[in-house]
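Enquirer: Under this note's numbering, the first residue of the sequence shown is numbered 9, with each subsequent residue one higher.
Just so you know, these hints were derived from the structure itself, not from any lab.
Where a beta carbon is used, it is the ideal one built from N, C-alpha and C, also for glycine.
Computed beta-carbon distance windows for the label pairs: (1) Met54 with Ile17: 36 to 44 Å; (2) Ile17 with Tyr57: 29 to 37 Å; (3) Ile73 with Lys39: 16 to 24 Å; (4) Leu69 with Leu16: 15 to 23 Å; (5) Phe58 with Ile28: 26 to 34 Å.
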Amino acid sequence: MDSTAKALIVFGFILIAAGIGWHFGWIQSLKIGQLPGDIHIKRDNMQIYFPITTGLLIGALISLISWLFK
9 MDSTAKALIV
19 FGFILIAAGI
29 GWHFGWIQSL
39 KIGQLPGDIH
49 IKRDNMQIYF
59 PITTGLLIGA
69 LISLISWLFK
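Given these sequences and hints, build the entire structure.
Expert: Written out as structure tokens, the structure reads:
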């Protein structure tokens, strides 16, 4: 099996695991998106959200996973 097929299978399993975690509420309990460093500005008629720390954490995890499967 070539590397593209393996990557798609792994990605599918990750999506299934994330869906199961979302269904049972495990992902919401992690407080992803409410980390220190995430900027959330609330005004009268607008909300602005910059998930800086969450983006860095997700990017680091994706880099680690891709490095492990290299």
